[in-house]
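Engineer: These are the residues of each chain, in order.
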Amino acid sequence: MLHEPATPAGKDPAGPYKVRLGIWMFLAYSLFYASFVAINLLFPLAMASIVFAGLNLATVYGFALIIVALLEALVYDWLCRRKEAYYIHAEKTAGTGKG
Amino acid sequence: MAIFIFVFFVVLVIGLSLYLGNKTKTSSAYYAAGGKIHWGVNGIAFAGDYLSAASFLGICGMIATIGYDGFLYSIGYLAGWIVALFVVAEPLKRLGKFTFTDAVDANYNSRGIKLTAAISTLVVSICYLIPQMVGAGVLVEPLLGIPHAWGVLMVGAIVITIVATAGMASTTYVQFLKGSLLIIFSSVLVGAVVIRGLTTQPDQGGKVPFYEYTQLSAARAGDQITVSDTGWNVVEQKEIKGGLVFLKLEKDGMETWWSASEKDGELSLYETQSVVFKKDVKWINGQPASETNQLRQVGNLEKISGKNDGEAGNLNLFSFLATMTSKDTTVRTWKTANFVDSAEQKVTVYYPSLVTGDRIMRPGLKFKVEGTWLEKLDFLSLMLALFMGTAALPHILIRYYTVPSPASARKSTIVAIAAIGFFYILTLFMGLGAMVNGSLNPADSNMAAPLLARSFSELLFAIISAIAFATVLGTVSGLIVAASGAVAHDLFDRYLKIKMDDHQKVRAGKITAFVIGGIAILLGILFKGMNVSFLVGLAFAVAASANLPAIIMLLFWKKTTAKGIAASIVVGIVSSLTLIAFSPELYTLYGRNPLDAPIPLNNPGIVSIPLSFITLVVVSLLTPKAKA
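Heads up: the protein sequence lines correspond to chains A and B, in order.
Heads up: the first sequence begins at 0 in numbering that gives the first Met the number 0, then just goes up one per residue.
Heads up: the second sequence begins at 0 in numbering that gives the first Met the number 0, then just goes up one per residue.
It is possible that some hints are incorrect.
Computed spacing ranges between beta-carbons, pair by pair [to be verified]:
id	chain 1	residue 1	chain 2	residue 2	range
1	B	Gly190	A	Ala33	33 to 43 Å
2	A	Leu30	B	Pro593	29 to 39 Å
3	A	Ser48	B	Leu373	21 to 31 Å
4	B	Ile183	A	Ala27	26 to 36 Å
5	B	Lys558	A	Ala33	22 to 32 Å
6	A	Val74	B	Asp263	47 to 57 Å
Worth flagging that the hints you see were computed from the coordinates, not collected in a lab.
Note that this is a predicted model, so its numbers are computed, not measured.
Where a beta carbon is used, it is the ideal one built from N, C-alpha and C, also for glycine.
The shape of chain B in the complex, shown without the other chains (with noise of 0.2 Å):
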């Protein structure tokens, strides 16, 4: 059923391009699909654009391991389409024919601005092209059981197909559909999820009986913990970082790995999930990993109001909420630790934390609000960066281009607001159903909308699933639309000059396509297991700082300059790129001690969004005014 589904949505998006490629012959009906889609239809299409994996798999997925604190990415990219409306859309219609560059270069006519802003359009579309193909071959493996590299591949082929036949347009028409395919069954999965109500043994739908962790008695021999409960050998007992003590415990042959923990004075030992390699060879939870031993699906709740063995019927949207904001409801989290075990083998333990409501339903579980100013300052960052890049992205911009009028470009904007808004209220009821019904993959929380439809039939699964694929088949098609404009447009026909008739513009765009295409299949398989949400978020950061500042002070200082839009497009990139090089998150993942990394903060816009301004201040102050 799923791969019938996937199947039908993929024919349907490439019939669709194939259809309107033979409408394609200029170079404005490629670039900006001929400026002559309807406002309501590109209002969606703008909710298409911007409901990218991030938002789908990685916001629900973020919101079903550290609660509100993923929610704060769902309000900070809805925030930012107030600066789109309300300072952007109308004037850079105005001012743009195809690309972002057009518009920053409208009134200069500068080599200097053609050049910086091509070159920071492909950055971060680059940027923001990784976790869109890292989440399609996240989803694809599940759904067509064929390995992350292969559905990196397909993908790619695909969009390179959609987007050299037919640019815009169909990149337009997919996005209309995927966005309000996207919408629809969202809505009736948020029903399903509150219509089933809570309970404390979650057995999705009667389809997967409940798996009770066991919880051992363990008692203190000076440094060495010892097992009450009789049968069980203490192998080896490994203390990591945080003071964290996991044990690896045997019994009958074999060996799991438990977490330990103090409360009330009481030791106990909680049984984890673990994935162990042993000369390369994958054992999970103690033994060989196969198609019928794989980590198991978490997430649920421990008390609901108070009580265990509970269960919470007849609930609607807002005692849904209200149930689970209650300080009495405890939630069962899952964190991971990762270590080395005394036989030199790499162990990643998936180890339970009960968290209760009233801390899952404020920020503080992964932003640290109540921890150092250091650590506040990286929240204020990431709300900064979140508020400010919206309307600095590329392949968001070049929409405004695709309709027929600045007021088209006003009223597209307020339909994208009321659908993206619509969408991410109920992106917190998916993240929070995803927690507490077991539908959490604890190795990868990308998949748990996908997961959570599961939960309920295969059916909703096969469509969600096919939508979530169509979400990144979208994407990734604007913003490779953005990154041949940037490359064919910008730099070949603006920057270097070289002549070509209309024909060639857009054959030269249809060769871009195919090659930005496939460095995006590259990266897609090298970035393998990155966080999407967190790419994104840096995507964001690194447009807010690169081409934020040069669209607004060129249009409200008068000041501005073509020298001072490319000093401070340049600072924005270099900056941008260098504080997420040298930060703590980076450090994990090259993986070394997050504490040597020379710049404390995670995001970096609180620093690189302001020396951008600066920058352009200073530099247009000191250049002559060169207008054209």
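Only chain A is shown next, with the shape it has when bound in the complex (with noise of 0.2 Å):
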């Protein structure tokens, strides 16, 4: 017996779009990060400047690290939700299950 899915999933036409958006939103958010580590080695003191309401570039960085992860998990999910409710009224329509 083969390990199958504790419950099945059906097909899902809108999986190879979502799998392209992830990666693309994960090399952002990874060039997002590695920005971060990358000043910190580089131009550590530059951490130390001020650039907001009294906060420090370090701080305001990690925060935005944080905010940005948030956001581009709520885009990503409004653009799969969108994708697969496109699918889900071609299928409708179509009566063929292909969108």
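Combine both chains into one complex, guided by the hints.
Structural biologist: Below, the structure is given as structure tokens:
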């Protein structure tokens, strides 16, 4: 017996789109994260620069990494849901199960 | 009050488990809560799983002692969820059934993958279990006044009861409850910190008078230091590694240790706190340890925006951080030195060190980003492991199987990112709050957040401690479910092909949970005193090295073979554990000179993660593709 899913998932025509989208969004965030690490390593004193409301670059960038993660996640979910809805609608209208 | 609230929480958790236990009849219910958990509940339960003792106790403690460097853990742990959401969540949900092994083996049906992935799950789970159990002991000691070992034993017994009664369903609801309460009461604590404001003489709301540490004038005659103030006699002068000089002084028959420091050409001696073992009897600050003579809590501001004896009220979240960031703000932090004195007595000295706000609020106090290339590489290695580790933690991965669909897996991850991200922002305020409110136990930073709560009220302390205890309970439960799944499901059922009906599978899982719980209790007692966050950071590195290359490559590289996956898991585990075992931090723990460590890095990820990826690619190319 193979390892079938705990709950069978139906066919997902939006799957390839979501994978591509996920990889691009992952790369975008990775670049943002890598820049943070790079600034720390190459220009550590820049992290002490005051950039906003008395807060330094380290604090602002750190908070930004957390907030941007959430924003990207929400955008990703919205785009995925839109694509899933498109295929569900196409399936209903075509009645063939293909979008 | 503390005991009442603690008992209430424990009874609530066990009651919930017994109630849900009646519904756990099948292996799907036991290992994956029947795949019926709502994504919103699962998202908060993710947060509950993830915000373990390391996050709540460890990170707050680290920020309280090393400032922004501790917050780097918050940033890295949260960023790791991006890998989980964009790369792993939905595909993994489609592939797997109960365990991490199910997912990586889904397309291969390989005995090699089953064995190596199950071992990997066990190794990572145990690496993660140790700090949780240590954290439990640390927490229960002051809360209930019982020894560390009894605390660990109690946690183990409760967790085994939870897991053995209902498995993933009860673990999920315990995590949901705990995750929600943790975020709510951490917000309350942060609000209280900001409203209280900043002062150079924190007195815990008038409950504990501020202790003014003494400074003495001294002079140097050759190598010898003499005290200029009268009444003090120098008993011993001790210079230790790094050029630090400590003096044992005697006054009125009491011997205490002082640290020597020179500033602007003037030599001064600063009062420290000390623990000395005289013939196995513990002495604290020159007197035998007792209920009334314990180490004083520490941490205060010396200057606020350039003013001694200052106060800063009417703060908001931004102005609190801005005041802390100012180069004119100075914090009295505390460092530790260990040595043996002339009477062959073990001495631990906690000595003050003044650091300006701009140094506290940027990386560099612990991670030497301005140091040598090796020190920079170590920092890079840590940030890489934190980023890559989350999506490879077995107890996180199995939570994807508790929801009904891949879309639910995605949504629950987003809820988790929101909850965890919000909490991690709070950690900066809680850590800094503990740093300046006299809420730090100099011997154990792990209690920073609960002690900060105590500085406001006993009720808040009791609630926060009970939640922290539930944090440990929930995380340990999740880890034990993951580990029992690896043994009972992956090894017994899949690898050894022992014939079991559904009922027997559940029983095998419960028996395994009992055994692993026992091992966790033992390790929790043995590893007493080790740094909680440090251990969790290592667990992340092992998980990222052993599991992530397999997950990523099987999803995105069509030439990946079963042998390639199995080889990469083995290389990931062995290389990361070997690098850790011979690292400077571990050499310190062995009681040896860290400079003698053959591996110069404390964090193995920068070597072991690429090595595991390369192994997978090379072995896959060398072996024929054998998909089932």
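Engineer: Indicate, hint by hint, whether the structure satisfies it.
Structural biologist: These are the hints, each one checked on the structure:
no.: 1; hint: B:Gly190 - A:Ala33: 33 to 43 Å; in the structure: holds, 35 Å
no.: 2; hint: A:Leu30 - B:Pro593: 29 to 39 Å; in the structure: holds, 35 Å
no.: 3; hint: A:Ser48 - B:Leu373: 21 to 31 Å; in the structure: holds, 26 Å
no.: 4; hint: B:Ile183 - A:Ala27: 26 to 36 Å; in the structure: holds, 33 Å
no.: 5; hint: B:Lys558 - A:Ala33: 22 to 32 Å; in the structure: holds, 27 Å
no.: 6; hint: A:Val74 - B:Asp263: 47 to 57 Å; in the structure: holds, 55 Å
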